[in-house]
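Chemist: The chain contents come next:
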Amino acid sequence: SQQGEEDPQALSIQEGENATMNCSYKTSINNLQWYRQNSGRGLVHLILIRSNEREKHSGRLRVTLDTSKKSSSLLITASRAADTASYFCATPETSGSRLTFGEGTQLTVNP
Amino acid sequence: NAGVMQNPRHLVRRRGQEARLRCSPMKGHSHVYWYRQLPEEGLKFMVYLQKENIIDESGMPKERFSAEFPKEGPSILRIQQVVRGDSAAYFCASSHGSGRAAAYNEQFFGPGTRLTVL
Numbered sequence: 013s014q015q016g017e018e019d020p021q022a023l024s025i026q027e028g029e030n031a032t033m034n035c036s037y038k039t040s041i042n043n044l045q046w047y048r049q050n051s052g053r054g055l056v057h058l059i060l061i062r063s064n065e066r067e068k069h070s071g072r073l074r075v076t077l078d079t080s081k082k083s084s085s086l087l088i089t090a091s092r093a094a095d096t097a098s099y100f101c102a103t104p105e106t107s108g109s110r111l112t113f114g115e116g117t118q119l120t121v122n123p
Numbered sequence: 071n072a073g074v075m076q077n078p079r080h081l082v083r084r085r086g087q088e089a090r091l092r093c094s095p096m097k098g099h100s101h102v103y104w105y106r107q108l109p110e111e112g113l114k115f116m117v118y119l120q121k122e123n124i125i126d127e128s129g130m131p132k133e134r135f136s137a138e139f140p141k142e143g144p145s146i147l148r149i150q151q152v153v154r155g156d157s158a159a160y161f162c163a164s165s166h167g168s169g170r171a172a173a174y175n176e177q178f179f180g181p182g183t184r185l186t187v188l
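Residue numbers (the numbering used here), protein chains in the order written: chain C, 13 to 123; chain V, 71 to 188.
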């Protein structure tokens with residue numbers, strides 16, 4: 013698998029349900045970032061979790077990081093139709109360098 | 071505080087023409103990154119620049135592609151003699167050169183330029 017690979021590729025749920033997306037990576041990191049991209053639009057930075065953090069919350073978002081398994085999860089609680097978007101995890105290779113993105117999870121929240 | 075600005079938002083070119091994509095970073099940001107996104111795929115790194123310097127261009131094709139970030143003005147991604155395979159969304163991101171943002175490489179993205187090559 014490549015750095016920053018998301019799972020599942022697509023997820024369809026009903027409004028009000030929770031959505032969980034997973035990301036795996038291969039190399040050592042000092043942080044991992046999650047982004048949202050609405051169809052045909054740019055990326056919105058959601059949350060950054062540092063390598064010494066295990067869990068972080070922001071509103072309805074909860075991100076976990078397990079550096080021993082090189083994996084992260086993004087949980088969106090009480091989903092809304094407006095949450096419909098693609099979600100990407102990204103890891104920096106070295107400080108001040110590129111971000112490596114996964115292929116993304118396409119989330120559809122049905123009203 | 072304006073975010074990262076890119077123009078044009080949409081660009082249509084015929085095969086063989088040149089495409090010039092512009093990116094103005096966030097105020098106070100001195101680092102610029104360009105990424106390309108093909109349909110249904112994630113973003114792929116192309117090039118990383120600081121003012122007047124190319125730091126890492128390992129993701130950019132050697133032929134036909136060039137990038138610059140002059141002392142004054144926006145960063146430019148230039149694609150010469152475009153081909154249909156260049157059709158994609160091109161995103162620019164910027165980051166601060168120091169402090170926490172630099173240590174964790176927080177990047178802020180523009181809305182992208184969607185290039186269509188006919």
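I should point out that these hints are in silico values taken from the structure, not numbers from a laboratory. Certain hints may be false.
Stated by the list, open to error - DMTMM-like, lysine to aspartate or glutamate: derived pairs with alpha carbons at most 20 Å apart:
1) V:Lys114 / C:Glu65
2) C:Lys68 / V:Glu88
3) V:Lys114 / C:Glu17
4) V:Lys114 / C:Asp19
To be verified - To list a few chain V residues with every Cβ distance to chain C over 10 Å, as calculated:
5) Arg85
6) Gly86
7) Arg90
8) Gly98
9) Gly129
10) Gln151
11) Ser157
12) Gln177
Predicted model only: the values in this text are computed from it and were never measured. Virtual Cβ for every residue (Gly too), placed ideally from N, Cα, C.
Chemist: Are the hints correct? Go through all of them and say.
Modeler: Hint-by-hint comparison with the structure:
1. A distance of roughly 27 Å separates the Cα atoms of V:Lys114 and C:Glu65; the hinted pair therefore is violated under the 20 Å criterion.
2. Taking the CA atoms of C:Lys68 and V:Glu88, the gap is near 45 Å; set against the 20 Å cutoff, the hint is violated.
3. A distance of roughly 13 Å separates the Cα atoms of V:Lys114 and C:Glu17; the hinted pair therefore holds under the 20 Å criterion.
4. As the CA atoms of V:Lys114 and C:Asp19 are separated by approximately 18 Å, the hinted pair is consistent with the 20 Å bound.
5. The claim that V:Arg85 is not at the interface with chain C holds, since no C-beta of that chain comes within 10 Å of its own (minimum 24 Å).
6. In this structure V:Gly86 is separated from chain C by more than 10 Å, as the shortest Cβ-Cβ distance comes to about 27 Å.
7. Distance to chain C confirms V:Arg90 as a non-interface residue, since its nearest Cβ pair spans about 19 Å, more than 10 Å.
8. The Cβ of V:Gly98 lies farther than 10 Å from every Cβ of chain C, with a closest approach of about 15 Å, so its non-interface assignment holds.
9. A Cβ of chain C approaches the Cβ of V:Gly129 within 10 Å, the least distance being about 7 Å, so the stated non-interface status is violated.
10. Distance check on V:Gln151: its Cβ is at least 26 Å (rounded) from any Cβ of chain C, clearing the 10 Å threshold; non-interface status holds.
11. Residue-level check passed: V:Ser157 sits 14 Å from the nearest beta carbon of chain C, beyond 10 Å.
12. A beta-carbon of chain C is positioned within 10 Å of the beta-carbon of V:Gln177; the least distance is around 6 Å.
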